[in-house]
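Using the sequences and the hints, build the whole thing.
For reference, the chains in residue letters:
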Amino acid sequence: MQDPDHKIESIWTYLLIFLLLIALLVGTVAAATVNLGRWNIVIALVIAVAKALLVILFFMHVRHSSRQTWIFAGAAFLWLTLLLAGTIADYASRNPPVPTSDASQSPAHAKTTVAVPAAS
Amino acid sequence: MASIPYIPEYQVRETYLNARYSIASWLLTKDHKRIAVLYILSITLFFIIGGSAAVIMRLQLLTPHSSLVEAETYNKLFTLHGIVMVFFFLVPSIPATLGNFLVPLMIGARDLAFPKLNLASWYLFILGGSLALTALILGGVDTGWTFYTPYSSTFSNTNVIFAICGVFIAGFSSIFTGLNFIVTIHKMRCPGMTWFRLPLFIWSMYATSIIFVLATPVLAITLALVALERILGVGIFDPNLGGDPILFQHLFWFYSHPAVYIMILPGMGVISELIPAYSRKRPFGYAFIAMASLAIAILGFLVWAHHMFVAGISIYGGLVFSILSFLVAIPSGVKVFNWTATLYKGSIALDTPMLYALGFIGLFTIGGLTGLFLATLGIDMHVHDTYFVIAHFHYIMVGGAVMAYMGGLHFWWPKITGKLYPERWGRLAAVILFIGFNLTFFPQFILGYLGMPRRYYAYAPEFQVYNVMSTAGATILALGYVLPLIYLLGSLRWGKDAGSNPFKAAGLEWQTTSPPPPDNFDQTPIAGEPYNYHEMDFANV
Amino acid sequence: MSDLVAHQFDDLDQQTEAGTLGMWTFLATEVLFFGGMICGYCVYRHLYFPAWHQGSLVVDNFTFLGISSGAWNTAVLLTSSLTVALGVRAAKLGQNRFLSQMLVITLLLGIAFLGIKAAEYTHEYHEGVMPGPNVFHPDMDISADLSRAAASSGKSNIDLRREFQLFWVFYFFMTGVHALHMFIGIGLFTYLLIEARRGCFTPKKHAPVEIMGLYWHFVDLVWIFLFPLLYLVR
Chain A
13 MQDPDHKIES
23 IWTYLLIFLL
33 LIALLVGTVA
43 AATVNLGRWN
53 IVIALVIAVA
63 KALLVILFFM
73 HVRHSSRQTW
83 IFAGAAFLWL
93 TLLLAGTIAD
103 YASRNPPVPT
113 SDASQSPAHA
123 KTTVAVPAAS
Chain B
-3 MASIPYIPEY
7 QVRETYLNAR
17 YSIASWLLTK
27 DHKRIAVLYI
37 LSITLFFIIG
47 GSAAVIMRLQ
57 LLTPHSSLVE
67 AETYNKLFTL
77 HGIVMVFFFL
87 VPSIPATLGN
97 FLVPLMIGAR
107 DLAFPKLNLA
117 SWYLFILGGS
127 LALTALILGG
137 VDTGWTFYTP
147 YSSTFSNTNV
157 IFAICGVFIA
167 GFSSIFTGLN
177 FIVTIHKMRC
187 PGMTWFRLPL
197 FIWSMYATSI
207 IFVLATPVLA
217 ITLALVALER
227 ILGVGIFDPN
237 LGGDPILFQH
247 LFWFYSHPAV
257 YIMILPGMGV
267 ISELIPAYSR
277 KRPFGYAFIA
287 MASLAIAILG
297 FLVWAHHMFV
307 AGISIYGGLV
317 FSILSFLVAI
327 PSGVKVFNWT
337 ATLYKGSIAL
347 DTPMLYALGF
357 IGLFTIGGLT
367 GLFLATLGID
377 MHVHDTYFVI
387 AHFHYIMVGG
397 AVMAYMGGLH
407 FWWPKITGKL
417 YPERWGRLAA
427 VILFIGFNLT
437 FFPQFILGYL
447 GMPRRYYAYA
457 PEFQVYNVMS
467 TAGATILALG
477 YVLPLIYLLG
487 SLRWGKDAGS
497 NPFKAAGLEW
507 QTTSPPPPDN
517 FDQTPIAGEP
527 YNYHEMDFAN
537 V
Chain C
-3 MSDLVAHQFD
7 DLDQQTEAGT
17 LGMWTFLATE
27 VLFFGGMICG
37 YCVYRHLYFP
47 AWHQGSLVVD
57 NFTFLGISSG
67 AWNTAVLLTS
77 SLTVALGVRA
87 AKLGQNRFLS
97 QMLVITLLLG
107 IAFLGIKAAE
117 YTHEYHEGVM
127 PGPNVFHPDM
137 DISADLSRAA
147 ASSGKSNIDL
157 RREFQLFWVF
167 YFFMTGVHAL
177 HMFIGIGLFT
187 YLLIEARRGC
197 FTPKKHAPVE
207 IMGLYWHFVD
217 LVWIFLFPLL
227 YLVR
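Residue numbers (our numbering), protein chains in the order written: chain A, 13 to 132; chain B, -3 to 537; chain C, -3 to 230.
No lab work stands behind these hints: they were computed from the structure.
Quick caveat: nothing in here was measured; it's all calculated off a predicted structure.
Even for Gly, the Cβ is constructed at its ideal location relative to N, Cα and C.
Errors might be hidden in some of the hints.
[As the list claims (entries may be wrong)] Quick partial rundown of chain A residues pointing at chain C, CB under 7 Å, derived from the structure: (1) Ala62; (2) Lys63; (3) Val67; (4) Phe84.
Put into structure tokens, the structure is as follows:
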């Protein structure tokens, strides 16, 4: 495994990355004040991912780390994506709930007309 | 007193067992071999507890409407059986016992990467187990080991939180063990031990550790949410209060399906060691078996919703998870074919570990194939929540994993204890176990197909004959477990001393004494090609 | 610190590599740990967007100098990541005094984060949004906003209230678990500071600083995602 010690970042690099991070923070707060409908979440997440990449690559030195480290870091996020994708895919692929008060149409509506059996 | 002449040859050799004798030297040990022994003792205790619950359940099911136990008690029994057997026996079993003992030895290391973390793992396991047993003593839990909501989070009046805390804490025990194995296997292989010279047992420990590390945290957080719901009375998973029970099931099974691969992969690793040793042949398709372990670990993460086909997931979700469940059977099939090919033209010795290994291959195949039945949406509609499912997973977990554990325990018993077990008793117990197992669980396939539901304390009269067969089988099965308990313990006192390599097996663990010295090897070994049975000169081994 | 190299390792390099890989593996487990919570959050945000929107507005409403406490906290953590990175660099170069200074600043920033969090939680308690059967009483202004949101999304008041409470369950649970990790990080860095003061770290033996630095960065990473998810639902 390549020794990350051999490459020591300069202080200026760290400061620059820090300023970028703050700029992105300002950006994400500003974007939240504008109503962009469904794009708000996309922009917020894109900026969050950008910040995360900066922290991971530069502050956590993954930029200079071995392929093994890249694989370990990447695997973690890949697995998280798996969990989110599989679960949300289920919800997203169900028939859209019809907006009635009939609770059997969707899991979300809590007004049940059927008596919930109590514990015996 | 006459002076005894000093004879160096009879000087007692220092092993990990006799290095120090105090209780503190065991309870504060950092030696992976001692920790393995601690785990062997602990999981045996949990096996007895979980098994006792099963015995009472099988007695209850002797007659269609037995009054041996009440309905609520029966619910507590199957919950206890599931929680103890899954979380406190099967999940730790081979990894924490044989894995802890053998991983450093097989790769030529002195210990695991983080010995103190290893000890912490055992303590977490004991703490978690104590909390679960507290739940039992305080009156039990009746939610089933699957803790389905909203029953577990809102309606159950039993000690759910204790049980959840127990499982939560034991989960961290697994995570740390998996972490330890991954780092050890990556960083501490001896000179010459390249990845494709690793024993197949190590490959399967590595694959299992991937699952430990990536799946268990999700279970932890999910159970924490259930506990939160119980304490706060909010509706995270309770539909009456806006929650979604299916979300719980997604999160729960994201761990619990890979968990079943945690339970079987180590067993497969053991079989991959036993079959070559007792055929005196290299494993057929070594690289394929190794890659199949990784494939099972990874693909096993993609199939969790096949436990939820009838729960209300979308039909498209059902389709996708069904296809993926078929895919995950392929690497398992590759392994079965490769073991069989290894047997072909091998010099077979039907000693105890081999009997367990052969039993494994047959029973695991049946269990695995019936898994494909269950992965088929149309069939699952009918047999979900019946005894068909119970038979399926017991074929894999008992006919597979437990038999592999027994086989491995016997095979490496001389290495762990320095004593030989009595071979005739071993063979007898293995045969009794095989017969008892099949008599217990094969009728359950039929019961499930005929429609008997699981987790019911009573049943329709037409199912009685199969239930009686099953209970009769269970008594024979129990005998099959009691016998080894007796003769293995007996061997400690009366067994013959084992040499370094009593079975003439390949592997670095056999190149050191039985039992090994505290630092495993007198000199760091240099690894060559594994499974060099074809090169072994029997006269000199 | 006694022996430089533990007995199971052959040399310091192997020990350092093992420690680093061990930390990365642990961080992977943490990604999945927080990931479970995030999965639940995502599902309910998808199902109950109006309630999530309302909740986020309340959370984001707690401001110092016109900037929400969440944004302040993000800035605090980003700065602490900078000081950690600078501290690790100092350890690699043997600059012990600078290392100690960076560790002190990191600790102060960590404590500041928790302080702001505590102020937030207190404020939210007074607003009546802490979940729980006898505690959840959103105050007048919030209740009025809720009713309006309920009316415009076609749900009943009770439904939206339940969904609103669910938001708060996730908010407190996610930020609470994160805060717990911050506490642990502060504990680890206090240990590092003590060792640094004793001159334990040299360019050859700086691994603990780097490894625990990875942990701190990870806690920052989690917050980088929690902030938009909880505070900026629009």
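Checklist line | List of violated hint numbers, smallest to largest | finding: Violated: hint 1 alone.
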